Amino acid sequence: MSSISTEAKVGLFVLAALIILAYMSFRVGEYGFGLKKGYLVNVVFDNATGLSKDASVQIAGVEVGRVEEISLKDGKAMIVLRILPSVELEKDVAAKIKSYGILGDKYVDIVPGTKGETYIAAGGNITRTGQQADIDKLLSELGTIAGDVMKVTSSLKNTLGGEEGEANLKAIIENTRSITENLNRVVTQNDEKLNLMITNLGEASAEMRRTFATLNSIVEKIDSGEGTIGQLVENKDAFDNLNQTLASLKSITEKINRGEGSIGKLVNDEDTVDNLNASLKSLGKSMDGIQRYVSKSEQFKTFLGYRGEYLFDGGDGKGYFDLTIRPREDTFYVLGLVTDPKGRLTMTDSTDMSTGVTTRTETWDKDGLLFTAQIGKRFKDIALRGGVFESTGGVGIDYFAFNDNLQFTFEAFDFDSDRNAHLKTYAEYRLLKHIYLSAGWDDFISNQGGDSPFIGFSIKFEDEDLKYLLGSVPIPK
Amino acid sequence: MNKIAATVDNFGRAILENIEEMGRILLLFLSVLMWMVRPPLKLRLIFKQMEFVGVKSIFVVVLTGTFTGMVMALQGYYGFKMFNAESLVGSTVALGMTRELGPVLTALMVTARAGSAMAAELGTMRVTEQIDALYVMAANPVKHLIVPRVIAGVLMLPLLTVVSDFMGILGGYFVGVPVLGINSGAFISNITKLVDLGDIYHGLTKAAFFGLILSLVGCHKGFIATGGAEGVGRATTEAVVLASVSILISDYFLTAIMF
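From first to last, the protein sequence lines stand for chains A and B. Note that numbering that gives the first Met the number 0 has the first sequence beginning at 0, numbered continuously upward. Note that numbering that gives the first Met the number 0 has the second sequence beginning at 0, numbered continuously upward.
FYI, nobody ran anything at the bench for these hints, they're computed from the structure. Here the structure is a predicted model, which is why all the values come from computation and not from measurement. By construction, the Cβ of each residue, glycine as well, lies at the ideal position given by its N, Cα and C atoms. Please note that a few of the clues may not be correct.
To be verified - Distance windows between CB atoms, simulated:
(1) LYS97(A) <-> THR254(B): 25 to 35 Å
(2) TYR251(B) <-> LYS72(A): 32 to 42 Å
(3) GLU99(B) <-> LYS97(A): 24 to 34 Å
(4) VAL43(A) <-> SER249(B): 18 to 28 Å
Said to hold, decoys possible - Anything over 12 Å on all C-beta distances counts as not near chain B; from chain A, calculated:
(5) LYS36
(6) ASN256
(7) GLY258
(8) SER281
So that you can see chain A by itself, here it is in the shape it has in the complex (with noise of 0.2 Å):
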């Protein structure tokens, strides 16, 4: 070793760092010994948060570039940007600072823009910038979600925790079990008539197939050539002839494009776009009242009733039939015509002229129906009405518990200085969907002897084609 000198030993040395050296600066650096190639493009953001001089620009992933410059202009970020030589970035390029990963570093991303546009010179802007969704913002915004997630789950226990939710939900399942039950009940009483449908269906499908084969056979002849669609699917002119269609279609547009023509101006025109979006807005319009009105009939409601009372004490019926129309959830009209066994009195009053005295007659008659007009509103669980009450006038008042489901109803009416009032009360329960059950005590304070305890039964429905039918009629509001 001793013929190496010194001085070859330091030379070598040195060498073998500075290759390392070398090495090392390749692998991390910027072009190589950092030295500046490329030409600079503007880009303009509103917040360039965590981008750093340096930082990588990316089209696709690759690295064309770096960010050169961060400065503040007009309040917003201004970045220069070195773009590698061999990068052309046409006019219509998007920018857009994203990060690697959640934590990871940002940088610029280029989303390419059109092929045959333009292509931006050094020292050009890129106009279309546009913004990631960054970590705050993501987690503001599953913040609001978590409170959203909250309040379902604490109306969910609010619904299903305690021992009424419980109760509930063991009428839920109860109920489901009562289905399956005469759900398997009904399937087994139809056990034969099932069968005979499955083996209807296994008929009718051994009719399709044979009508697929007849298909088949008629789709083969087309393909052969055979007939007159056979002949128009293979014949050669018969292409052309779409292919020249189509050409001609394609001129078309293109003149339209162009603007020539007068479909052409039209599509071309600005005033037509100005015009088709005034159009548009004062449909918009339209469709806002369309709205108001379908909303209004979805307000709207009305319902049919027919209700019937035995009296006990008379052994008579009564019935009523009633139109309940409500426009508003508050707000609601009774028209109705009632039988009563005691018809309808009249009252004629006679003088006999040579004695100056006024008799006065009363006759019932039987098949007279009665007339029931009301006006109503609701306070929550309360109701008040005013109007006629079986052809007299009256007011009535009526209490609704347990969802609606039981009615309590007190009514006057039939005010005359010869006789009591007619005072009725009874409650209404709701047995089964439109069946309602009722009982109750008909003029109690009666000095005719026409008080009598009753129990009735009435159906009531909401009727839609009345609905739609009256929604239209304009209501005093």
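Guided by the hints, dock chain B onto chain A, whose structure is given.
Showing chain B alone in chain A's frame:
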């Protein structure tokens, strides 16, 4: 009373001595600069020192660098494993080596190897009056003895640091990829992504400073040695301690200035 006065006296003298020492080292530095630009440069002497400081330190620097990188990879792995970010081990090793551990550990190793030798050599020459003989022969000892050593220190330390950096990263790679099972592609791409040229160059600048410090301190301590063999030994010890402490202290300020 006398005792207190003596304590104050000693304290003040210690401070004064330290200030004097700093002043002397600075003056030595200035005369080195002066003699450096005055031709002729003794190239043979410089190369000899370069071989002594640089080439002969390669083995110890390679060993330190490799094992430092290996242990950093091992320690970093346990930390990053908690965040499932094992692939960052590579960049941690690379950044740590290039910015800090490469220059500092290399400087400390060279101080121990060459700095001490400089102090001992010059100290022996001083106590055996060889330096005085140089003066008699009208050959300036600063030019002949100290300038080549300082030049060798300043030039060789960055190169040794490059070796140390590289071996450290290699050691980290060896522990990280085959032993700990980190993905090699992610390991390397994270290094190239997160390490800048600046990290390497700043580390090398620091290394050059450290080379200046250790060669100046070593030469100075040897140059002013007195009192025979005992004095040479003391000069050597003081040179290593002062150079090591100065390197670590100046490292903080250099880092604060550069990064």
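Do the hints match the structure? See the list:
1. LYS97(A) <-> THR254(B): 25 to 35 Å: holds, 32 Å
2. TYR251(B) <-> LYS72(A): 32 to 42 Å: Between TYR251(B) and LYS72(A), where Cβ atoms are some 38 Å apart, the hint holds.
3. GLU99(B) <-> LYS97(A): 24 to 34 Å: Once the Cβ atoms are compared, 31 Å apart, the range 24 to 34 Å for LYS97(A) and GLU99(B) holds.
4. VAL43(A) <-> SER249(B): 18 to 28 Å: violated, 44 Å
5. LYS36: holds, 15 Å
6. ASN256: holds, 48 Å
7. GLY258: holds, 52 Å
8. SER281: Non-interface label stands for SER281(A): nearest chain B Cβ at 57 Å, farther than 12 Å.
Hint compliance for this structure: hint 4 alone is broken.
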